[in-house]
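K.L.:
The residues making up each chain are set out below.
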Amino acid sequence: MSHYEAPIREPLVLGDKSYHDITEDIAKPIEGKANKHWYIAFGISLAAMLWGFGCIFYTVGTGIGVWGLSKNIGWAWDITNFVWWVGIGHAGTLISAVLLLFRQKWRMAINRSAEAMTIFAVFQAGLFPIIHMGRPWNAFWVLPIPNQFGSLWVNFNSPLLWDVFAISTYLSVSLVFWWTGLLPDFAMIRDRAVKPFQKKIYALLSFGWSGRAKDWQRFEEVSLVLAGLATPLVLSVHTIVSMDFATSINPGWHSTIFPPYFVAGAIFSGFAMVQTLLGIMRKVTNMEDYITRLHVEYMNIVIILTGGIVAVAYATEFFIAWYTGSPYEYYTYLSVGAATGPYAWAFYSLLFFNILTPQLLWFKKIRRSFIWSFIISIFINIGMWFERFDIIAIVLSKGHLPSTWWRFEPTFVDVGIFIGTIGFFFVLFLLYARTFPVIAQAEVKTILKSSGEFYKKRREQGIPSKPAINVTSSTPEISVVVSEEEKEEKLNSLFSKVGIFDPSTQTADDLKKISGVGPKLEGVLNGIGLYTFEQVSKMTKQEYDLLDSITGSFPGRAERDNWAEQAKNLLNG
Amino acid sequence: MESSKVIHAFYNDDEVLMDAVKAVKADHHHIEEVFCPFPVHGLDKAMGLAPTKLAITAFFYGITGLSVAIWMTNYMMIEDWPQDIGGKPSFSWMENMPAFVPIMFELTVFFAAHLMVITFYMRSRIWPFKEAENPDPRTTDDHFLMEIPVNNNEEELTELLARTGAVEINIVDKH
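Protein sequence lines correspond, in order, to chains A and B.
For the first sequence, this note's numbering assigns the number 34 to the initial residue and increments by one for each residue that follows.
For the second sequence, this note's numbering assigns the number 42 to the initial residue and increments by one for each residue that follows.
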């Protein structure tokens with residue numbers, strides 16, 4: 034009973050699925066053609082990305098002065114966007130690492146896409162500090178390498194440098210975690226691929242994964258240890274991001290609750306983005322049987338929990354700012370000053386999007402609804418952007434001296450770069466959804482028997498998950514596979530009769546026109562050198578048998594469908 | 042040439058495969074390899090594979106990363122160019138250590154994770170442009186393949202494997 038799971042648990046894989054059905058479902062979006070919606074979405078994203086790149090070139094070419102910054106507000110949209118994207122990047126590793134340590138099976142349907150989201154989000158995040166340097170070609174100065182200034186090294190006391198180490202470690206570790214999990218799934222696509230180019234690409238991407246028992250043993254151990262390493266890593270990254278603010282001496286920033294509060298906020302926003310992306314993806318790639326209401330509900334529960342932590346942190350900040358009685362605390366981002374000042378709209382947006390709307394998720398109907406979850410997730414994405422904007426722009430807009438007071442207004446370049454990163458993010462995600470196995474199919478296969486709807490129903494009826502072995506009726510086909518030399522000989526005798534295809538003088542025919550030949554079989558035939566109707570028309574019983582013994586696929590079909598006759602008709606017609 | 046022959050027995054269910062592996066082991070045959078589309082829990086134990094030591098290597102790689110971080114922060118901040126930053130002079134590594142904790146942590150994780158994964162790839166012989174070695178494409182889809190070397194005992198083995206529920210049995214010349 035290794036596959037036992039309490040019947041009260043809802044199934045995680047819906048429908049009457051076998052292992053092979055999972056393969057088919059996951060491979061379909063990759064092997065099929067993209068529909069119109071995909072092209073429209075991709076076109077819009079690409080346009081936004083190019084607009085953003087234009088704004089980046091303009092910034093770099095002209096100078097940071099094209100942004101809305103001033104000597105008083107040196108950080109605004111750029112760092113807001115940086116923190117927003119890094120925060121979004123937190124759900125992926127959390128889902129694949131923390132939920133793995135907790136043995137949560139529902140992670141398996143969503144971890145692949147959540148990790149992809151993480152990696153693409155961290156790309157966007159990394160862009161902002163690099164552009165903000167003003168001279169991005171000097172970005173390598175953040176690395177601890179010997180340089181032209183003698184041995185003036187980087188400053189290891191600075192949280193900004195900790196960020197460099199934390200985010201690059203996070204990005205690279207997430208990448209290898211993701212890729213290692215992808216190897217068996219790429220191998221699955223590789224072994225199904227019909228087109229030679231596709232086969233080559235996926236053979237390269239899968240690193241020659243063969244799936245030996247020893248490989249799987251190591252694979253599972255590596256996954257577990259990586260999860261153990263990534264769990265404190267994911268917590269450390271946003272802790273360090275929060276220290277960019279918390280180690281400063283600005284009122285509203287130098288707050289000791291920032292690390293846990295930022296981490297909770299990051300998970301909150303990351304899960305919201307996963308909810309947004311998967312809400313679209315399950316429809317577009319037909320993954321409704323794998324990303325179910327139950328998955329949506331579980332994610333919403335994480336959102337309520339982390340959103341609750343964030344709400345408590347806001348309340349604490351507001352109370353402490355008031356309780357200190359310090360005039361400098363009067364205009365922090367959560368204070369009476371902020372609620373009544375020129376940024377009141379940002380203050381109330383924060384409370385509305387981040388604190389009020391997620392409370393709807395307490396209702397079971399709402400947190401199990403796809404459309405409601407999608408809308409609320411968009412609201413949280415907006416709310417979490419406002420949180421970072423409020424922390425940075427409101428706090429900096431009222432410094433210690435009234436002479437430093439300044440109101441930040443973004444320019445079109447600020448907005449353009451932000452829109453550009455959203456476009457870039459979706460360009461990457463849309464490409465990913467068409468070329469990568471979007472669900473960790475090898476892992477989902479391991480839970481099919483314990484958590485699949487089909488097996489759960491059978492178990493209720495007392496049918497074991499192990500199929501019965503009936504030796505007398507299902508005696509296996511025992512065959513001796515021919516060696517390479519023998520195959521060569523047979524090929525020679527086949528082609529001495531039908532003739533060899535010469536690509537320089539002849540053109541290949543569409544063999545699929547022969548009834549009974551599909552794209553897969555055509556690939557097999559082309560693979561051994563059969564390309565034209567003329568060749569096929571010369572085949573007789575003897576050649577059919579040779580063909581069967583060489584390819585081993587679709588035995589007897591050529592004779593049954595009388596390919597030679599068909600090919601003759603196609604030649605004459 | 043008899044000794045280079047192997048039997049490829051195909052199964053289409055993980056539980057049937059597990060029982061088959063146990064049956065073949067109980068009959069004292071050597072299982073050369075099992076190819077699976079997904080991890081089957083307990084298979085390594087049933088086959089008699091030794092536990093992997095990758096987690097232990099990760100621990101030592103982590104220690105290496107930590108040492109590199111300690112050496113690097115000490116050399117760069119304390120020895121080579123000590124500076125007085127914000128009234129916090131760099132006289133001794135121990136006194137400045139709290140500021141170095143994030144770097145020490147990140148490098149520990151960085152070294153442990155990457156070197157362990159590289160070790161895994163090298164040991165399992167997986168890297169870009171490596172040719173796959175699974176004998177049948179179905180083994181990444183829904184079939185399990187057990188490979189057993191033959192020593193003039195084809196009949197006995199095929200009979201045993203058929204009894205364990207193999208759906209296909211091939212005798213292959215392995216070069």
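FYI, nobody ran anything at the bench for these hints, they're computed from the structure.
From the three backbone atoms N, C-alpha and C, an ideal C-beta is built for every residue, glycine too.
Check each hint, because a few of them may be wrong.
Restraint ranges, calculated between C-beta atoms of paired labels, are given here [unchecked claim]:
hint	chain 1	residue 1	chain 2	residue 2	range
1	A	Asn-605	B	Asn-194	47 to 57 Å
2	B	Val-109	A	Pro-536	32 to 42 Å
3	B	Pro-178	A	Pro-536	47 to 57 Å
4	B	Asp-177	A	Ala-39	46 to 56 Å
5	B	Phe-100	A	Val-345	51 to 61 Å
6	A	Asn-602	B	Gly-89	55 to 65 Å
7	B	Pro-178	A	Asn-605	29 to 39 Å
8	A	Arg-440	B	Trp-168	50 to 60 Å
9	B	Pro-130	A	Arg-440	33 to 43 Å
10	A	Tyr-37	B	Glu-196	31 to 41 Å
11	B	Gly-89	A	Pro-552	42 to 52 Å
12	A	Asn-68	B	Trp-122	58 to 68 Å
13	A	Phe-407	B	Trp-122	26 to 36 Å
14	B	Arg-164	A	Pro-552	34 to 44 Å
A few chain B residues that face chain A, going by a derived Cβ cut-off under 10 Å, partial list only [claimed, not checked]:
hint	residue
15	Glu-56
16	Asp-60
17	Leu-84
18	Ala-96
19	Ala-99
20	Thr-114
21	Thr-181
22	Asp-183
K.L.:
Hints first: check each against the structure and report whether it holds.
P.N.:
Hint-by-hint comparison with the structure:
no.: 1; hint: A:Asn-605 / B:Asn-194: 47 to 57 Å; result: 56 Å, holds
no.: 2; hint: B:Val-109 / A:Pro-536: 32 to 42 Å; result: 56 Å, violated
no.: 3; hint: B:Pro-178 / A:Pro-536: 47 to 57 Å; result: 27 Å, violated
no.: 4; hint: B:Asp-177 / A:Ala-39: 46 to 56 Å; result: 37 Å, violated
no.: 5; hint: B:Phe-100 / A:Val-345: 51 to 61 Å; result: 37 Å, violated
no.: 6; hint: A:Asn-602 / B:Gly-89: 55 to 65 Å; result: 59 Å, holds
no.: 7; hint: B:Pro-178 / A:Asn-605: 29 to 39 Å; result: 37 Å, holds
no.: 8; hint: A:Arg-440 / B:Trp-168: 50 to 60 Å; result: 56 Å, holds
no.: 9; hint: B:Pro-130 / A:Arg-440: 33 to 43 Å; result: 39 Å, holds
no.: 10; hint: A:Tyr-37 / B:Glu-196: 31 to 41 Å; result: 39 Å, holds
no.: 11; hint: B:Gly-89 / A:Pro-552: 42 to 52 Å; result: 43 Å, holds
no.: 12; hint: A:Asn-68 / B:Trp-122: 58 to 68 Å; result: 60 Å, holds
no.: 13; hint: A:Phe-407 / B:Trp-122: 26 to 36 Å; result: 54 Å, violated
no.: 14; hint: B:Arg-164 / A:Pro-552: 34 to 44 Å; result: 38 Å, holds
no.: 15; hint: Glu-56; result: 4 Å, holds
no.: 16; hint: Asp-60; result: 8 Å, holds
no.: 17; hint: Leu-84; result: 5 Å, holds
no.: 18; hint: Ala-96; result: 5 Å, holds
no.: 19; hint: Ala-99; result: 5 Å, holds
no.: 20; hint: Thr-114; result: 5 Å, holds
no.: 21; hint: Thr-181; result: 4 Å, holds
no.: 22; hint: Asp-183; result: 4 Å, holds
Of the numbered hints stated above, those contradicted by the structure are hints 2, 3, 4, 5 and 13, listed in ascending order.
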